[in-house]
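Let the sequences and hints guide you as you build the complete structure.
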Amino acid sequence: MPAVSKGDGMRGLAVFISDIRNCKSKEAEIKRINKELANIRSKFKGDKALDGYSKKKYVCKLLFIFLLGHDIDFGHMEAVNLLSSNRYTEKQIGYLFISVLVNSNSELIRLINNAIKNDLASRNPTFMGLALHCIANVGSREMAEAFAGEIPKILVAGDTMDSVKQSAALCLLRLYRTSPDLVPMGDWTSRVVHLLNDQHLGVVTAATSLITTLAQKNPEEFKTSVSLAVSRLSRIVTSASTDLQDYTYYFVPAPWLSVKLLRLLQCYPPPEDPAVRGRLTECLETILNKAQEPPKSKKVQHSNAKNAVLFEAISLIIHHDSEPNLLVRACNQLGQFLQHRETNLRYLALESMCTLASSEFSHEAVKTHIETVINALKTERDVSVRQRAVDLLYAMCDRSNAQQIVAEMLNYLETADYSIREEIVSYLCFPYFFHSWLWYHKYHLLIRMLHRTSPDLASSEVVSEEPADTVHDADELFHKFVCKNNGVLFENQLLQIGLKSEFRQNLGRMFIFYGNKTSTQFLNFTPTVICSDDLQSSLNLQTKPVDPTVDGGAQVQQVVNIECVSDFMEAPILNIQFRYGGTFQNLSVKLPITLNKFFQPTEMSSQDFFQRWKQLSNPKQEVQNIFKAKHPMDAEITKAKIIGFGSALLEEVDPNPANFVGAGIIHTKTTQIGCLLRLEPNLQAQMYRLTLRTSKEAVSQRLCELLSEQF
Amino acid sequence: MIGGLFIYNHKGEVLISRVYRDDIGRNAVDAFRVNVIHARQQVRSPVTNIARTSFFHVKRSNIWLAAVTKQNVNAAMVFEFLYKMCDVMTAYFGKISEENIKNNFVLIYELLDEILDFGYPQNSETGALKTFITQQGIKSQHQTKEEQSQITSQVTGQIGWRREGIKYRRNELFLDVLESVNLLMSPQGQVLSAHVSGRVVMKSYLSGMPECKFGMNDKIVIEKQGKGTADETGKSELGSGKQSIAIDDCTFHQCVRLSKFDSERSISFIPPDGEFELMRYRTTKDIILPFRVIPLVREVGRTKLEVKVVIKSNFKPSLLAQKIEVRIPTPLNTSGVQVICMKGKAKYKASENAIVWKIKRMAGMKESQISAEIELLPTNDKKKWARPPISMNFEVPFAPSGLKVRYLKVFEPKLNYSDHDVIKWVRYIGRSGIYETRC
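Residue numbers (our numbering), protein chains in the order written: chain A, 1 to 711; chain B, 1001 to 1439.
None of these hints come from the bench; they were simulated from the model. Hints may contain errors.
[As the list claims (entries may be wrong)] Here are the simulated BS3-like pairs of lysine-lysine, each with C-alpha atoms no more than 30 Å apart in a straight line:
id: 1; chain 1: A; residue 1: K35; chain 2: B; residue 2: K1360
id: 2; chain 1: A; residue 1: K26; chain 2: B; residue 2: K1059
id: 3; chain 1: B; residue 1: K1167; chain 2: A; residue 2: K31
See below:
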């Protein structure tokens, strides 16, 4: 055959690629590609049939052109033809093309699926492998629909070759990940579990990945895998490093498989059968023991593989959380890593310790490392490791060491990185830390310090508004919220209410935080949002009930979903009732949900602005208010307030630069209301004149009221 | 103002780098290379903004010239300067190529020092530059003091573009009217848009300091004169049809006295020695379209396309058009083309996805035809072919705008030669710009 003499080198392809590489400019490259495409088109069009070699070559060229970023809209048919070739290289290129350029043309899909089916049924392991790889690479829903039923059969058939089983397991895993609903569970599942006993370690590795994913969704069906996994693990762990030959990696026997088996075991609680349980404990002990042995090699690969198994074993120990002995040993092992010179190990050790700290068995053991961790916070060079150290300190904190840890954190705060600072502050703000007044005062110290070191961070915090010794006038606080979304709404000796809200078009969401400032529980804690009848028709509020008991020093959160149906005047009332000590408390505050929250800023040119201004010239549409300034008249603050109010601040629109001009649209479910505003400050008289023009009289009135209170 | 100027070869290697202002750092050179020359997508905009720095580039063959600035400059000014700089370099060492730039880099730096000062464009008149930036090494030893001071006074003087004491045995001048005609026509032959952009280029070999006056058939001038002698105008309009043309806008070389043009609309000037561009103009009314393209495209089934294109020349039979090229785009799934043409040569160029039909010469009022059969490969793509327009290139020996040179008078009061002694040559060349017909 002529194809044989040509060999598989595909000189034409090599020449084409080198031509492209030698092109001096983009234009030259495009010209060369156009020429080649025309050539291929004429070849594919030609009346005489092409031999497999040429087809392969042209399909390869098309693939190369496609990978350069050009559209390819032909050649699929030729690629599909290649699929039915008996020559490996031709079939391979065909599959490559199909998996890179999948086309949803139904006719072609049928042909492709047919070819894949033939290959799957061919009993030729290489062909079956190619077909399985193609299915996995495409991994689409269509593929799953066509083959999800077929592959389990191949996987569990007795006469399937090992390499095919491996591919089949991974292919099924891929299909299961993309469309789990299409993979049928059946009697094959029990047979898949037995693959864990397979002779071939490659098959076991692939099967373990598959079983782990399946078991996460259907733990019952794969329950039997636990004992099999334990026995397989124990065989690996106890084997000498030379036993497994190809699967020994730098003196560590089958590290990948070990890690996967340990992962699989993490899907289940500790085994109930005492024999299995004993065997598993033995395995884990062996792994921990091995970590203490001197390394068999100085190569980094050896220690990496060994530590990977070790860390996975520790995660399993933490997951089971039942063997105090193992937990303490794990903790001690991690303690050694805390001072290791490998940064990654230090990081992982801190991270695992964080979870260990939450276990009752190992909490004390973790606490013994406090000095090391604090030291890490001070001396560690890697910021991500320092962050983990902060996390761990927080996790190990309890009444016995809180004072020390908070003191350390406060010390550290001044020199901390910006990103960590935020975290520390949120930790410190956590009520746990200031359950006594002593801590509360320390906390104010912290806030003052924060204001000095990073003011914007301080203001972004929900609870860190101001030291709250005096109870604020509720109305004043309400007006503050007209131009901002987050902060403290209410505070007295007992209770602090913080808000965090966000609005988008006619929808919004508000988080209300209720903080118990005392050390006693609040009972029957019931916050309710009350709307008047008028308001109910124009504002839709949905709240979730909160837990009726609020522990001393704790904080609870409530979400309010808001929908603005039409424009509204009043604000809803938040009523809170609870029992504190023996007394019944009842208080009400206005919730700062105001019409301007549904503003969308609109940018426009000077010309547009005045044109629209003129269009809204009906006297009812305009509302004007002249009022005395309540705050110092600072242009920057005023600008920020107008932007906070929700409208766009339009620069260079008003001929007088001292004036402020804004525009926006109020979004409600039923209508959108365009609003224009103009604020003219008079510095000498310390007065403002505010003019609002909107398409609706009531809206003008309300916005004018709201905004007038701001200056 | 311009902060720096770089010249790159096609690979993006820097050949010339001249920085005029401190706000342009070394990294600007690399930024342009990375973001424009080596960009994955072809950058088509001549102005690119990278990290608050603007890059203006022009390309000459495969050489990139880029002006860089951090300020908000007049982009038209920067491009005008870049074009001028290309002209200057061409005048000094011919074609702008990598080799020529490498061979003349000292000269280029010298020129850049002279034509840009702290980023502000200076005198870029080749004639004037050549008096003091020469290619024959340093000549100052041979130049007398007198000569040197003469150069200084000329360059800094009122007529910076011409030196005194030029003498020719034969006083001669050449006037070229170069126009490019742009057209977009619908398949039915309706003109969708058409305009002519033209240039008047003058090459003068005149002695002394001659005062020139240029006249053409500008509608405003003709009408003004016509008021005086109404009868005459009527007669001439009857005699040879359209006589005057409406110029939409025009720009002049710096030697033209603009005040005089504004008041009397007369173009008077003292020309630089040698070649220069006297004026540039644009017209949109009453354009003579030299060629008419009549396309006929028929789709026969899904796999075949029949194309027939007729071109008609529309000018005096005595004139000959040259370098005619018709470019017929082919669909992207073309798999084979057969062409038959009566005149010239036609070929399917796969690399450009077009059939290119070339005719060397064609007289006026003639007609020629090409027909092609295009075979298509059926694709699974449902996209319809967009049918790009058929474009044309040509060169004709007349001005498609209808512009006529009426006179060019030369006065030299000091030397004793008169207007009649000057030998004058006028030539008209009309070329195609973007000349397209939809099909």
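Margin query: Flag every earlier hint the structure violates by its number, smallest first.
Written below: Number 3 only.
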